[in-house]
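*Asks:* Order-wise, the sequence lines are chains P and V. Mapping to this note's numbering: the first sequence position 220 is 220, numbers consecutive. Mapping to this note's numbering: the second sequence position 40 is 40, numbers consecutive.
None of these hints come from the bench; they were simulated from the model. Each hint should be verified, as a subset may be incorrect.
Stated by the list, open to error - Computed beta-carbon distance windows for the label pairs:
| hint | chain 1 | residue 1 | chain 2 | residue 2 | range |
| --- | --- | --- | --- | --- | --- |
| 1 | P | Glu179 | V | Glu126 | 52 to 60 Å |
| 2 | V | Val14 | P | Glu443 | 30 to 38 Å |
| 3 | V | Glu84 | P | Glu443 | 50 to 58 Å |
What the hints assert, rightly or not - Here are some of the chain V residues that sit facing chain P, going by a computed Cβ distance under 7 Å:
| hint | residue |
| --- | --- |
| 4 | His17 |
| 5 | Gly38 |
| 6 | Cys43 |
| 7 | Cys48 |
| 8 | Ala50 |
| 9 | Ile78 |
| 10 | Glu79 |
| 11 | Gln91 |
| 12 | Phe94 |
| 13 | Trp95 |
| 14 | Leu100 |
| 15 | Pro107 |
| 16 | Arg129 |
| 17 | Leu132 |
| 18 | Arg138 |
| 19 | Tyr142 |
Idealized CB from N, CA, C, for every residue including glycine.
Residue strings, one per chain:
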Amino acid sequence: MSTMTNGAASKSYVGRAMRRKEDPRLITGRASYVEDINLTGQLWAAWVRSPEAHARIVSIDTSAANARDGIRAVYTNEDLDMEAGLPMAWVPPGVTVNTPDHWVLAKGEVKHVGDPVALVVGDDRYAVVDAAEDVVVEYEPLSVVTDPEKALEEGSPLVHEKFGTNKVCEWSLGGGDLEAGFAEADVIIERRVVNHRVAGAAIEPRGVLADFRADRLTVWSSTQVPHFLRLFLAILLGIGEDRVRVIAPEVGGGFGSKLQIYAEEIGCAWASRKLGLPVKWIETRSEGMMVTHHGRDQIDYVKVGAKRDGTITAWHSKIIADLGAYQMVLTPAIPPSSAFVMCGVYKTPAVHTDIVMAMTNKFPTDAIRGAGRPEAAHMIEVVMDQLAHELGMDPLDLRRKNFIAPFSEGHETPIGVVYDSGNYEAALDRLLEHIDPAQVRVEASALRERGIYRGIGFCTYTEICGNSPSKGVGPSGFGLQCGGWESATVRVHPTGSATLYTGTSPHGQGHETGFAQIVADRLGVDPSQVEVIHGDTQTGPSGLDTYGSRSLSVGGEAASRAANKVAAKAREIVAHQLEAEPEDIELRDGRFSVRGSPDKGMTLAEVAGAAYVTMEMPEGMEPGLNEQSFYDPSNWVFPFGAHACVVDVDGETGKVEIVRYVAVDDCGRAVNPMLVEGQVHGGVTQGIGQALYERIHYDDSGQLVTGTFVDYALPTAAELPSFETDRTETPSPVNSLGVKGVGEAGTIAASATVTNAVLDALRPLGVDFINMPLSPMRIWEAIQEAKGGVPA
Amino acid sequence: MSQTVPVTLNVNGVEHHLDVEPRTLLVHALRDNLGLTGTHVGCDTSNCGACTIHMDGKAVKSCTVLAVQADGVALTTIEGLASENELHPLQEAFWNDHGLQCGYCTPGMIMAAAGLLAENPNPTEEEVRHGLEGNLCRCTGYHNIVKAVLDAANAKGATVGATSGGQPGVTA
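Let's have the full structure, built from the sequences with the hints guiding it.
*Replies:* Structure below.
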């Protein structure tokens, strides 16, 4: 089966909607996810987890579990011979971060429901679960705190006694004269915007298969970050990185939740070394809801000042972020990500973000699709609508009044961030070609008599992605203990097909197709002749994996550069053979030919033959056709767009139905527009999910109420409309491809768009502002309250 | 290992004689005993549908069936939906329409869609959306899945729909 190439239409594969090279194995059930991989002699692992949100471990009795048939070992913290716990990678210059130890198995106390206290390893997947039930743990319950604002109050129960506080740190970023800005304002509004806790909820649960043998460790994990996992396995287990191989096989979705170094990954590898046999663990969904990291969970106090005519003069956001009980690899680095784009798409002269991070007895938060930017876009765009209402302005007029003018070569915001390129007016204009707000108003008044309240909401957003310039993100900049580059190797085979090794690690995005299109263009071959290898630390050079919408703008650019190096060598070989100058060799119709003499030329296969077999090359040139690139971008990239949503709210029940969702996104040049659309559909759905349905909810005693898909409501096909999507293309000046990122954009825009639509629908009922999730109950209660009644 | 019982599973037209614990889930027997790993597990509560297969031509969630309950029943999994080297019209449509991203929900989604089309060969968009509400996808927002199912239903001359015991393409 080959890809659809439609060869005659265009010379370039980049820019074409091509169906995916990955799909044949996926649609036929032939792909290999972690659970599908089995090794001879493998053992199974199960974890004994705390039912208490906060407790001292009085005793652990493993004897009954150990006595069961087929159980090889039951481990507790006392057995662990590891010097350090799970890593946290943010060391911001000049800021002290209170970071607790986070052991693979709890030491002395448990801090959240699901905290692992014992690891059971045995022969059979059912038997280890039985044995885990037989481990008897006695707990002495301690006081629990689950509300971040209460956690920061004097006298609150402490999650970690040793800090004497639940405050993790404070962190601020801003620019411009805030005081003067507010003094100048005619109108100041303040809102408390709650961005509740959500789950990534990839449909493939996490899983690990660890095999330590002959002094070498191989780990298969459902991870977005095989390279980071290898590094930390090597450090925590004291094995040379050269002897650790991590493979991310087929990965069934991540959405940030698999950008992590998890206890189960380290623990299974440790146990495999201890027992000398492979150890496998597959997460259940109930475990996943409990101990796969969550996202968001912040309370935002937003204050904005504006002139009567709508000109914004000052913007202040105070973020109270609930980090949970421990800090995982990026936990405290996520809320600050909001601050970099707190200007949104507006020329606000003074913008400041102050963040206070708190510990509570809940599982840690970390990066979930958008990671800080959905929170920023939500608070900015919801408050923009609130401001418009306060000023008596049309929300779109207010936005247009404050848009940053179009720019193509950089725009520095007062925060000091340089947006790469933008044309916000054009995206909004394009959106309004698809949807007419006046028409929606007409429909709304017709529906009113039936008790249906139709509303329309908008969002004009930008975000920051493409991690990232190493100096900006690294130890001396933002403070992450890593760089932001990416690698690629292009290896042309003697018969003229090619393999690209990328350091990025996809989990559904379609790199095998998109990256092949980029390389194919540069080598004059069909994308079906370019195999893309990823997710294996033993193949290709080191890489920095996939998150933060970075793969294309960093990894794709690296692939392009490596392919260009191969093409440059090919031109020299062709020039040598055809007695021309390398500068006169051009790639045309799949051949490296002499400019002006298209009959004189060589295909990539012929060039490869020269480089590997006949050695007909310039004097002194090395054999082979294999090039590598490490690319470190000069800046982040800043996608943007304009979204609209039409909703119907049932005035009796509070139920919301999405009537239309229209998205115009600008992610720079689109390599494969079909993949871009797919990312927008999924991203928007995740934002809709947060706005209307999804919520990770702990009760006051720290019990997880939404522990399965019965209680945590992912949107289904029945709740959603078909989406209407369009794009504008404003190339990024940062990379030669002109690309930005699109993996998170839909999510970043959607929660505000839907919220604004629902609030617009509710306004005639006297409801001005409520927070997500906009469940029927919350809406119904708000309606009753506005009527002056007391909600039941 | 606890006590086992014999069970005969007829999967994709091939008969398999197994000894399993009475509590063994059908999905685990298919995956772990028979190596048919195209059928996936995504939840513990029968919500996600990643494990959907056909039993006697009807789409069922194989995580909610014990292996012993499938004794003697004609089963079809994603591996048996189409004959060797050919694609079922739904598989072709999912590929053409970008109806999948990470692919984890896809086998279950395709088997559920085949069950749906067997009962309703020409569904409306709304019928497809409601017909697939027992299958969760986190990547696609369902837009292209719904499109693919409608396209497969409209594919001229295609035999889509449910299967019966290793006879791919036979409409129930």
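*Asks:* Against this structure, judge whether each hint is valid.
*Replies:* Here is what the structure says about each hint:
no.: 1; hint: P:Glu179 to V:Glu126: 52 to 60 Å; verdict: 55 Å, holds
no.: 2; hint: V:Val14 to P:Glu443: 30 to 38 Å; verdict: 56 Å, violated
no.: 3; hint: V:Glu84 to P:Glu443: 50 to 58 Å; verdict: 53 Å, holds
no.: 4; hint: His17; verdict: 20 Å, violated
no.: 5; hint: Gly38; verdict: 2 Å, holds
no.: 6; hint: Cys43; verdict: 4 Å, holds
no.: 7; hint: Cys48; verdict: 6 Å, holds
no.: 8; hint: Ala50; verdict: 6 Å, holds
no.: 9; hint: Ile78; verdict: 4 Å, holds
no.: 10; hint: Glu79; verdict: 5 Å, holds
no.: 11; hint: Gln91; verdict: 4 Å, holds
no.: 12; hint: Phe94; verdict: 5 Å, holds
no.: 13; hint: Trp95; verdict: 5 Å, holds
no.: 14; hint: Leu100; verdict: 6 Å, holds
no.: 15; hint: Pro107; verdict: 5 Å, holds
no.: 16; hint: Arg129; verdict: 4 Å, holds
no.: 17; hint: Leu132; verdict: 5 Å, holds
no.: 18; hint: Arg138; verdict: 5 Å, holds
no.: 19; hint: Tyr142; verdict: 4 Å, holds
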